[in-house]
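Participant: Just so you know, the sequences run in chain order A and B.
If you want this note's numbering, it's the 1-based position in the first sequence plus 4.
If you want this note's numbering, it's the 1-based position in the second sequence plus 4.
In case anyone wonders, no lab produced these hints; they're calculated from the structure.
These numbers come from a predicted model, not from an experiment.
The hints are all genuine.
One-sided and incomplete, this derived list gives chain B residues near chain A with beta-carbon spacing under 7 angstroms:
#1 17
#2 18
#3 23
#4 154
#5 157
#6 163
#7 166
#8 167
#9 169
#10 170
#11 172
#12 173
#13 184
#14 186
We put the CB at the ideal spot given by N, CA and C, even for glycine.
There are 2 protein chains.
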Amino acid sequence: MSSTVLYMSMSLDGFISGRDVSPEQGLGEGGERLHDWLFDGEVAGANLLVRDEFMATGAILAGKGTFEPAGGWNGDHHDGVPIHILSRHPKPEWAANWPEVHYSNDVESAAQAAKEAAGDKNVLVHGASTAQRMLAAGLLDELEIHLIPVLLGEGVRLFEHLGAAQRELERVRVLEGDAGVTHLRYRVLR
Amino acid sequence: MSSTVLYMSMSLDGFISGRDVSPEQGLGEGGERLHDWLFDGEVAGANLLVRDEFMATGAILAGKGTFEPAGGWNGDHHDGVPIHILSRHPKPEWAANWPEVHYSNDVESAAQAAKEAAGDKNVLVHGASTAQRMLAAGLLDELEIHLIPVLLGEGVRLFEHLGAAQRELERVRVLEGDAGVTHLRYRVLR
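Generate the whole structure from the sequences, applying the supplied hints.
Facilitator: In structure tokens, the structure reads:
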């Protein structure tokens with residue numbers, strides 16, 4: 005059975021990008037710090053294991069705010085797997101020739117389509133607002149947080165706008181990666 | 005050398021108490037969930053190790069908002085060690101007979117006094133606003149976060165009002181405790 009798994013790098017103080025996010029600075033001020041573990045030098049050990057995992061997923065479910073500043077990953081995040089994008093807007097012209105990219109604003113049907121496309125692989129969920137919508141709709145199965153040893157002070161928080169509902173998690177794995185990155189995996193209990 | 009160490013239970017979404025904190029409900033709605041690991045059943049393994057550590061500190065530095073709703077710990081948090089409270093108000097009447105309790109609003113001199121009192125033991129720092137003031141003043145040496153496997157959605161955040169300064173941390177220990185509690189220890193780099 006395919007699971008929906010959120011993969012996000014987060015500072016210890018809860019941010020997934022710095023302040024002043026803009027088209028020119030998609031991760032905000034200092035936000036690229038959160039991704040050093042993937043792009044700054046060799047990726048090995050637990051960091052490699054986790055990267056290999058999310059690069060072996062069978063579909064992507066992300067928000068427009070993640071997809072578009074990243075240039076739509078040139079239409080292929082990895083291995084040509086289907087990419088489902090949550091957006092109130094239609095699929096843009098520049099993505100028209102990428103048949104594996106699907107736009108929709110219905111989180112339920114998008115999650116369903118991504119899971120079907122993924123078959124027995126997992127669905128990589130990415131982006132703060134997508135995570136929040138998936139959690140609120142009870143559609144997120146697991147979270148894999150790459151906890152980065154830094155405080156950013158300001159920026160975009162991963163967990164926000166969730167309302168005062170207490171959601172229990174089950175810790176399923178803790179991995180200590182290089183560069184002080186701790187990979188925390190939780191199952192969302194329902 | 006004495007170090008100042010913040011010990012705090014925090015939900016994965018960054019809260020140290022629920023919403024609607026009041027004198028009758030010091031931890032807010034659902035906030036006591038964050039302390040189940042200390043008070044709900046036997047404390048053993050990594051949870052016991054960490055509890056033993058903070059109960060072996062040589063002084064306390066906390067805020068009025070932590071101290072007063074807790075009834076001032078009856079004047080003795082553990083072993084009669086000195087208790088330094090940050091507050092704009094003077095020491096209240098009901099605490100007048102507790103000579104080890106000191107009120108001050110000067111974070112620098114309070115931290116200095118607590119460190120001197122602790123001798124070669126560490127100082128237990130507690131409370132969100134105290135943590136924020138200590139971090140902002142460059143006076144916090146280490147953080148020990150007891151990460152609780154729950155999302156509270158709303159409440160009081162541990163990390164807030166810190167401004168957009170990037171503070172690097174060094175991960176020094178990760179311990180997996182019972183009940184899904186992960187103890188994360190970081191040194192604040194300067």
